[in-house]
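**Student:** Could you put together the complete structure from these sequences and hints?
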Amino acid sequence: MARRRLGFWAQLVFTLAVAAFLLVPVGLSIVAGVTRTYLIGIESGLTLKWVWQVLDMYSDTIWLSLGIAGACLVVTLAIGVPLAYVLARTRGWMGRIVEELIVLPIAIPGLAIALALIVTYGGVGSFRQNWSFILTGHVLFTLPFMVRPVLAVMASGQLRELEDSAASLGASFRQRFLNVVLPNARSGILAGSLMVITLSIGEFNLTWMLHTPAMKTLPIGLADSYASMRLEVASAYTLIFFMLIVPLLAAIQIWADLTRVARTRPAPR
Amino acid sequence: MMRGERSRLILLAMPAGIVLLTFFLAPLAQLVAVGASGENGVAAYASVITNSRHLASMVATVVLAGLVTLSALAIASVAGLFLVRHRFPGRNLLVSTLTLPMAFPGVVIGFLVILLAGRQGLLAAVSSASIGEQIVLAYSIGGLYLGYLYFSIPRVILTVMAQAETLDPAREEAARSLGAPTWRVVIDVVLPALRPGLISAGSICFATAMGAFGTAFTLATDIDVLPMTIYTEFTLNANIASAASLSVVLGAVTWGALLIARRLSDTAVATGA
Numbered sequence: 000m001a002r003r004r005l006g007f008w009a010q011l012v013f014t015l016a017v018a019a020f021l022l023v024p025v026g027l028s029i030v031a032g033v034t035r036t037y038l039i040g041i042e043s044g045l046t047l048k049w050v051w052q053v054l055d056m057y058s059d060t061i062w063l064s065l066g067i068a069g070a071c072l073v074v075t076l077a078i079g080v081p082l083a084y085v086l087a088r089t090r091g092w093m094g095r096i097v098e099e100l101i102v103l104p105i106a107i108p109g110l111a112i113a114l115a116l117i118v119t120y121g122g123v124g125s126f127r128q129n130w131s132f133i134l135t136g137h138v139l140f141t142l143p144f145m146v147r148p149v150l151a152v153m154a155s156g157q158l159r160e161l162e163d164s165a166a167s168l169g170a171s172f173r174q175r176f177l178n179v180v181l182p183n184a185r186s187g188i189l190a191g192s193l194m195v196i197t198l199s200i201g202e203f204n205l206t207w208m209l210h211t212p213a214m215k216t217l218p219i220g221l222a223d224s225y226a227s228m229r230l231e232v233a234s235a236y237t238l239i240f241f242m243l244i245v246p247l248l249a250a251i252q253i254w255a256d257l258t259r260v261a262r263t264r265p266a267p268r
Numbered sequence: 000m001m002r003g004e005r006s007r008l009i010l011l012a013m014p015a016g017i018v019l020l021t022f023f024l025a026p027l028a029q030l031v032a033v034g035a036s037g038e039n040g041v042a043a044y045a046s047v048i049t050n051s052r053h054l055a056s057m058v059a060t061v062v063l064a065g066l067v068t069l070s071a072l073a074i075a076s077v078a079g080l081f082l083v084r085h086r087f088p089g090r091n092l093l094v095s096t097l098t099l100p101m102a103f104p105g106v107v108i109g110f111l112v113i114l115l116a117g118r119q120g121l122l123a124a125v126s127s128a129s130i131g132e133q134i135v136l137a138y139s140i141g142g143l144y145l146g147y148l149y150f151s152i153p154r155v156i157l158t159v160m161a162q163a164e165t166l167d168p169a170r171e172e173a174a175r176s177l178g179a180p181t182w183r184v185v186i187d188v189v190l191p192a193l194r195p196g197l198i199s200a201g202s203i204c205f206a207t208a209m210g211a212f213g214t215a216f217t218l219a220t221d222i223d224v225l226p227m228t229i230y231t232e233f234t235l236n237a238n239i240a241s242a243a244s245l246s247v248v249l250g251a252v253t254w255g256a257l258l259i260a261r262r263l264s265d266t267a268v269a270t271g272a
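Going down the list, the sequences are from chains B and G. If you read the first sequence in numbering that gives the first Met the number 0, its first letter stands for residue 0, the second for the next number, and so on. If you read the second sequence in numbering that gives the first Met the number 0, its first letter stands for residue 0, the second for the next number, and so on.
Because the hints were derived from the structure by calculation, they are not lab data. Glycine included, C-beta positions come from ideal geometry on N, C-alpha and C. Be a bit skeptical, because a hint or two may be false.
[Said to hold, decoys possible] Label pairs and their in silico Cβ distance ranges: (1) B:I41 - G:R262: 49 to 57 Å; (2) G:A28 - B:I41: 49 to 57 Å; (3) G:P14 - B:A19: 24 to 32 Å; (4) B:R35 - G:L66: 33 to 41 Å; (5) B:D55 - G:V31: 39 to 47 Å; (6) B:R127 - G:S129: 48 to 56 Å; (7) B:A154 - G:A35: 26 to 34 Å; (8) B:V12 - G:G131: 54 to 62 Å; (9) B:A154 - G:S95: 24 to 32 Å.
[Said to hold, decoys possible] Output of the computed footprint for chain B on chain G, the stretches with three or more beta carbons under 8 Å from beta carbons of chain B: (10) 62-68; (11) 236-243.
**Tutor:** What follows is the structure in structure tokens.
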């Protein structure tokens with residue numbers, strides 16, 4: 000099209016407005032986090048004072064979140080990848096029921112899942128008071144995001160062929176799983192891993208119900224600062240959160256684009 | 000399948016199975032039981048109808064989630080179709096911007112709404128400078144609407160774009176060459192082809208909005224959405240049975256919405272093919 004029509008420009012302006020709605024408040028929070036006095040504005044001067052104050056007050060929440068995200072990744076890898084493989088191999092009604100079951104934690108609000116955990120295990124003090132209680136909620140919530148991308152890759156016909164030829168050459172089940180299935184599913188495993196870490200670091204709905212005053216994750220600390228700290232401190236804290244989460248989100252997008260390009264290209268024969 | 004494969008597969012599925020049974024299915028069953036253990040017994044499950052405060056909360060939540068879903072679908076269809084159809088410099092950046100907030104937690108989005116439409120917010124500053132009146136939306140249903148829209152748009156746009164990529168431009172060309180005006184092409188050709196994507200994106204959007212807690216929590220609005228009511232029952236009133244029964248009802252509504260939508264979009268795909 001040599002000349003764009005009026006409709007093009009109208010839609011472009013609309014789409015830009017939507018992007019502005021999403022981006023402007025993020026920009027505001029970044030600016031507020033490094034401004035001396037937000038009510039006066041940038042004229043009051045830029046400062047890292049608030050960022051240091053947050054790191055001083057809340058750094059333990061950042062470490063706890065990173066620790067839980069790491070542990071959550073380990074658990075979802077250990078139980079999710081084998082499960083995805085089993086699901087890829089069993090296509091009957093059993094497989095469908097299990098698939099439905101693992102996506103259930105997405106469909107049911109986090110608040111309900113957290114309440115269910117509390118009414119069942121809340122009396123077990125050593126578990127309730129431990130960070131593994133939060134981890135349990137995070138594993139339930141993130142497991143489908145590990146299983147689905149891995150299952151999508153494993154269910155492709157190519158992997159079946161590779162496995163069959165390995166079997167015909169005498170490879171044992173164990174050899175096939177470790178040396179054929181896992182390496183070939185790595186794009187799905189990486190996509191799932193990025194998603195699990197991102198979601199775990201940002202999880203609030205479950206965590207708010209499961210946490211105790213002695214163990215606060217980053218989003219819990221954020222909610223805390225929104226309710227009790229001045230706007231500049233809350234913004235600086237949000238800025239730190241963005242610095243953690245945005246690179247992860249960008250990595251997810253880039254990886255998705257890369258693998259899509261790879262998939263749409265004809266497979267080398 | 001080879002001999003012994005079956006038992007190996009069962010072994011591989013075992014860890015996930017044990018975790019899901021112990022920490023998900025058993026607790027859910029317990030939650031359902033606790034919901035009926037209060038002074039009202041099983042009748043607690045009818046409280047969304049019989050208790051006027053619960054009913055008001057349910058109605059407000061359904062209306063809000065419905066409005067947000069319709070708005071998000073409309074906005075995402077225009078923007079998503081546009082982004083799929085046109086190539087221009089900066090397009091990829093625009094797509095990234097529109098999908099980036101997808102995994103922002105609800106609390107953070109609540110805070111962003113405060114910055115946008117709170118007492119010290121951008122809208123307040125702009126409106127008091129231009130019309131001399133400070134507009135503050137954040138702590139009312141308007142703030143909830145903005146926040147829910149914020150987390151819905153990225154998810155819906157992704158699904159709409161994926162669906163729009165499967166559209167066949169030849170069908171539109173045909174309709175156009177037969178003299179159909181643009182709005183007829185949109186209604187008769189484009190929207191039906193987008194239908195499966197719109198249904199699945201819409202149902203996920205609706206379910207997420209029904210269960211959203213963080214945004215309402217941060218905004219502390221004067222309208223109690225259902226998750227906030229559940230939270231209040233649990234913490235302030237220590238009415239665990241009531242909180243449990245309400246969250247079972249909420250979970251059933253969101254799961255049901257997703258199930259129905261999947262049926263609809265499956266049949267739509269089937270009939271469309």
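**Student:** R127 (chain B) and S129 (chain G), beta-carbon distance inside 48 to 56 Å?
**Tutor:** holds (53 Å)
**Student:** Note whether the CB distance of D55 (chain B) and V31 (chain G) lies within 39 to 47 Å or breaks it.
**Tutor:** Taking Cβ atoms as reference, D55 (chain B) and V31 (chain G) lie about 45 Å apart, which means the hint holds.
**Student:** Mind checking the hinted window 26 to 34 Å against the Cβ distance between A154 (chain B) and A35 (chain G)?
**Tutor:** violated (40 Å)
**Student:** Given the hint of 49 to 57 Å, is the C-beta distance from A28 (chain G) to I41 (chain B) inside that range or not?
**Tutor:** Taking Cβ atoms as reference, A28 (chain G) and I41 (chain B) lie about 56 Å apart, which means the hint holds.
**Student:** Holds or violated: 33 to 41 Å for the Cβ distance of R35 (chain B) and L66 (chain G)?
**Tutor:** holds (40 Å)
**Student:** Is 24 to 32 Å respected by the C-beta to C-beta distance linking P14 (chain G) and A19 (chain B)?
**Tutor:** Distance hint for P14 (chain G), A19 (chain B) is violated at roughly 46 Å.
**Student:** Quick check: the region 62-68 of chain G, covered by chain B? Criterion 3+ residues, Cβ under 8 Å.
**Tutor:** violated (count 0)
**Student:** Using a Cβ cutoff of 8 Å, are there at least 3 residues of the region 236-243 of chain G near chain B, or does the coverage claim fail?
**Tutor:** holds (count 3)
**Student:** Do the beta carbons of V12 (chain B) and G131 (chain G) sit within 54 to 62 Å of each other?
**Tutor:** Violated - the Cβ-Cβ distance for V12 (chain B) and G131 (chain G), about 28 Å, lies outside 54 to 62 Å.
**Student:** Hint says 49 to 57 Å; check whether the CB-CB distance for I41 (chain B) and R262 (chain G) agrees.
**Tutor:** holds (53 Å)
**Student:** For the range 24 to 32 Å, tell me whether the beta carbons of A154 (chain B) and S95 (chain G) fit it or not.
**Tutor:** holds (28 Å)
Going down the numbered hints, you'll see the structure goes against 3, 7, 8 and 10, while the others check out.
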